[in-house]
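Based on the sequences and whatever the hints tell you, model everything.
There are 4 protein chains.
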Amino acid sequence: MSKKKIGIIGATGYTGSELARILLHHPEVEIAAITSESRKGERFSEVHPFFRGLIDQELISINEIENMDLDLVFLALPHGVSMDFVKEHAADPYPIIDLSGDFRLDTPEIYEAWYNKEHVYKEGFENAAYGIPELFRKDIRRKKLIANPGCYPTSAILGLAPLAKEGLIEPNVVVDSKSGTTGAGVKAKAATHFPNVNDNFRAYGVKSHRHTIEIEDTLNKIGDAPLTVQFTPHLLPVDRGIVSTIYSRPRPGVDVSQIGDIYEAYYKDEPFVRLTDQPPAIKDVRGTNYCDIYSTYDERTNNFITISAIDNLVKGAAGQAVQNMNLIFGWDEILGLQQVPMNP
Amino acid sequence: MSKKKIGIIGATGYTGSELARILLHHPEVEIAAITSESRKGERFSEVHPFFRGLIDQELISINEIENMDLDLVFLALPHGVSMDFVKEHAADPYPIIDLSGDFRLDTPEIYEAWYNKEHVYKEGFENAAYGIPELFRKDIRRKKLIANPGCYPTSAILGLAPLAKEGLIEPNVVVDSKSGTTGAGVKAKAATHFPNVNDNFRAYGVKSHRHTIEIEDTLNKIGDAPLTVQFTPHLLPVDRGIVSTIYSRPRPGVDVSQIGDIYEAYYKDEPFVRLTDQPPAIKDVRGTNYCDIYSTYDERTNNFITISAIDNLVKGAAGQAVQNMNLIFGWDEILGLQQVPMNP
Amino acid sequence: MSKKKIGIIGATGYTGSELARILLHHPEVEIAAITSESRKGERFSEVHPFFRGLIDQELISINEIENMDLDLVFLALPHGVSMDFVKEHAADPYPIIDLSGDFRLDTPEIYEAWYNKEHVYKEGFENAAYGIPELFRKDIRRKKLIANPGCYPTSAILGLAPLAKEGLIEPNVVVDSKSGTTGAGVKAKAATHFPNVNDNFRAYGVKSHRHTIEIEDTLNKIGDAPLTVQFTPHLLPVDRGIVSTIYSRPRPGVDVSQIGDIYEAYYKDEPFVRLTDQPPAIKDVRGTNYCDIYSTYDERTNNFITISAIDNLVKGAAGQAVQNMNLIFGWDEILGLQQVPMNP
Amino acid sequence: MSKKKIGIIGATGYTGSELARILLHHPEVEIAAITSESRKGERFSEVHPFFRGLIDQELISINEIENMDLDLVFLALPHGVSMDFVKEHAADPYPIIDLSGDFRLDTPEIYEAWYNKEHVYKEGFENAAYGIPELFRKDIRRKKLIANPGCYPTSAILGLAPLAKEGLIEPNVVVDSKSGTTGAGVKAKAATHFPNVNDNFRAYGVKSHRHTIEIEDTLNKIGDAPLTVQFTPHLLPVDRGIVSTIYSRPRPGVDVSQIGDIYEAYYKDEPFVRLTDQPPAIKDVRGTNYCDIYSTYDERTNNFITISAIDNLVKGAAGQAVQNMNLIFGWDEILGLQQVPMNP
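Protein chains in written order, with the UniProt record's numbering: chain H, 1 to 344; chain L, 1 to 344; chain G, 1 to 344; chain Z, 1 to 344.
Quick caveat, the hints were computed from the structure, so don't treat them as lab data. Since the model is a prediction, treat every value here as computed from it, not as a measurement. Please note: incorrect hints may appear among the correct ones.
[To be verified] Here are the simulated DSS-like pairs of lysine-lysine, each with C-alpha atoms no more than 25 Å apart in a straight line:
| no. | chain 1 | residue 1 | chain 2 | residue 2 |
| --- | --- | --- | --- | --- |
| 1 | H | 187 | Z | 189 |
| 2 | Z | 187 | H | 189 |
| 3 | H | 4 | H | 144 |
| 4 | H | 189 | Z | 189 |
| 5 | L | 40 | G | 189 |
| 6 | L | 40 | L | 87 |
| 7 | L | 138 | L | 165 |
| 8 | L | 189 | G | 187 |
| 9 | H | 189 | Z | 40 |
| 10 | G | 122 | G | 143 |
[Said to hold, decoys possible] Part of the chain H face toward chain Z, derived, beta carbon under 7 Å:
| no. | residue |
| --- | --- |
| 11 | 63 |
| 12 | 67 |
| 13 | 188 |
| 14 | 189 |
| 15 | 190 |
| 16 | 192 |
| 17 | 193 |
| 18 | 194 |
| 19 | 195 |
| 20 | 197 |
| 21 | 198 |
| 22 | 239 |
Glycine included, C-beta positions come from ideal geometry on N, C-alpha and C.
Shown next as structure tokens:
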């Protein structure tokens, strides 16, 4: 049987090159088109020289995909740009997996409040599935537009889902996250200038980071009791990876000794969630679609502590997008995603 | 007037070399003795080649300090070794500033519970001052034994003191700390092997780190209402520095809008605490005795968020020890401690 | 057809885990045995937790492989230990690919001079093929013992081979190499303690590094005119990767304008050598079996400058070993080795 | 006696902030003016928040220095901008120490050839002293314009000077240099984007870097025999520091066993050159004005190998500039420059 023809819309960023890295060896697809408006006409391997000899195909304009008979497209575009594509191509037959934040939130109003931007395609919200397969597998399978989750939200939501789902915790939750620098994108700016990051560490976006609402929104969809999330991101002097350290408190009457079993039951059939007996490190998951989760209860303080680790470019972006594609096409979810962690 | 004669007991570790770095240019002291049992007879600059031409004096045995007429000694010894020195030298006339954890806690019983070790000099506890000048200046001035604080506790306690002192917060506090690798000491081990740390990140000591009790103990000394601290340390791929992100909740009735003023009032005369309007970064304080603190209130979640940054080897160890020495001798507290942050 | 049964002798080091990473997805082999004397009885994923769920098989003792009917073994053992294995198993039917330095040099005498160690199996030398496929493909195919090359030598030899083969250069060659820290092995020691490597850089082994003779020996096997190599290794604050900057001078009469063509002709059919028009970076090859090579001639100085980049754990160790295995079994040389560079 | 009034022209870059770091504690000067056209009106500590509480003075425009009666100015301006300042202020009474490359080369013609830029103040060349005190102390003392050397040239020239001075080496010299990222300046660009540098390494500017001619020019001023320098810079994933590994060959008849004595004799009275018996590391000199030099002869290859290490922002820029100022004012050369290396 012939392979599915895939388009990657947006080639120059990290999600674009990471999609290419994963899709290149996916047994059921071929990368039929990679687009870039700023670099069209150049080879993909001119933009990303490490692909020399691996992907030398020419970058095309977005306008050229019309007649290509694509089976699915990934949008590796910035926030605010994806919505234009989705709007214009809403009638096209292929499913769209959007890696931006444009369709992740509950309503256009919430989007506009947290993204400070008018949304041009409000109709998209009701048709979009939020693409965390572990939580919304059924919905993903039947939707044509997938809002691929943010990197921080993926780590926080997978860490909290078992507790939120069962309504086991008090409403006030702390998510203290630390991310590698690729999360800030491919564009050079002062915040990611090497001497500003190397041997350094700081928090940013305190109280105001957009992923706050994405985490809250999603947890409140799966659980009964509304949670309020205090989310604080920090910039690590590493390339990839997110560790989220999550603090919550059991509701009165909850059998805290069951925390291990709760996670076990929730994730027992998930190929990409590994429960660990030690706090997971970034390099345990680097380059892979795994989310490693450690959870424990502290009797002395009456807190649950949950620690999750993902690769922000894989489970936090391109890998999860491919997992969603596998779901959409009814394939084994792990196709193309069996990388071994790069450690060291 | 002649300079005070100072002894550094323990030369091979980071606190030893950092004390030397600071004391070398202190205008009122001379480094009269540096001891090392394992390297005695060698020059200090053979152990630390970067001191070549700066400190080439010979390392001596601890036994040789008896007749040296020292004015003060710093103990840069491991936990469990310091107590032996203090016991044997309790009758000596010079003040001792102990950089280990041996006399920091409230009682020998608490020590033995958290350090898993019998304490050989229980009498030391009542005579020791806990050496955070910003909190215990008066006590430090009149004691002969200073328990120089742990690095994590310094960052957490300075961050929380204004809130704890005034009894403004609920008992359950989260301290999520991230430290550079020098905090783990000079000895090579798997946990600090370069490929295990570089481009990596992880939590450790969850629920059980000894600094937990040091933080709690101290905060409960200065405040009315007992606090319980959930302390989680993490290992950063950086050399120096600690950032602590601290989450607490105001007690009912507290005027949360005053948080800025509370910190301002508490620290307004402190030369080494700088209040910032942005989350501080490690490199803002690297190489210096500063503790930079940012604090804010999140209306949406009803949480206080406080973020502090120190250099673990300076304000978290050798610098604070020198600050304590300055207090003991009645000097200006900033003598020898006016380094400019090394950035980048 | 059934898969070949492979043994990995020595599981705890970086070459062991890297072999496992590559062989796990090799379509024609199964990892039948992984041995470790110090950790036998434990799971492979207990020693390397990032393999959790991927390779959970039990580590066995080397003594247990006798009756396993293995088709090939890789020796991921330290220098000086491999030779014992080879000696004892010389009569066994399976080919051995030895990743140590024990059989790389020309004669036992040279070995003993540079390794300061008596060699227990001198007979091995004449039966061993030096495992750089690009140079010795034919020899590798017909030998039962492969001396897998050192990491630095691989980078230097592939960089110089086209010039050495044709006798185009003067005898005095400078190889200035810079390596990631994994090259120093998995064992924690002062030289690889994080604070000694991070944000730091230095040369080591000046004039005396053992790889000097391996480079010279090999180049002199393929070329007419003897070369003398000044090899200086340096330790980079990175995990993986070697960049070698190589300086040589054309012999009188050599047509220096042909340097590009010479490399092109020499490597045109090699799947793992990529010629570049810019100096290659470590991340261009990280995680892969590629050797990227840039070469140029400087008219002003009359020097050739050649720069090569490899991943020391892949093309410099485990990947090249798998490439040699592919040759031995007559498979396509790229089987199992099609990883895309991990960048970033 | 009153302190000398110093101006720093250009505040936003690394040389500007590093000058401020050093001058702040210089006992004989006060920082009377710091200029910035882009940030004038802001405080210095707004541009560099780590100076909060240390240097909070307001940045002024370059136009405002006219009536300030400055005693000396440092130009921390980009190449091509400095020359304008020097031209306009040539008649002003104060000495100028220019940290750019605008007056370092022998003639305007050479400048224009290597910098691809017309020079607007050709008269400046004959009046400028090249500011390496170890080589040109007398000249520096009597000139009013100091061309402060480039960072790479400082490391290369100090490494080679003893050999070049005495005419001991063959003309063809290889300088293989590795530099921290601050050498590329404060401005964020793709080449210094964190994920492009971290865990990575590469050469750049092969055959064409401007510092090539600065090294050659200067060495040829002090020695009898003309040298040709093959200079290859590489970008290290570190903040600060340069290590240059230098390869040269003795002329026939040279007594190679004397290499140690030659360096010893040449540098014996220099406060900032330390000769070492091991290859120096960046952290041995970080934050200081030291140049550590190791030199050796390899009998096997008949090469001299010299390795030098400096901090590119100190001995390679601001520190050497202050050393030049000390010379100009007839002060002890080490004033303000006694920092202890920051290690780790």
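- Does the structure break any of the earlier hints, and which numbers would those be? 11, 12
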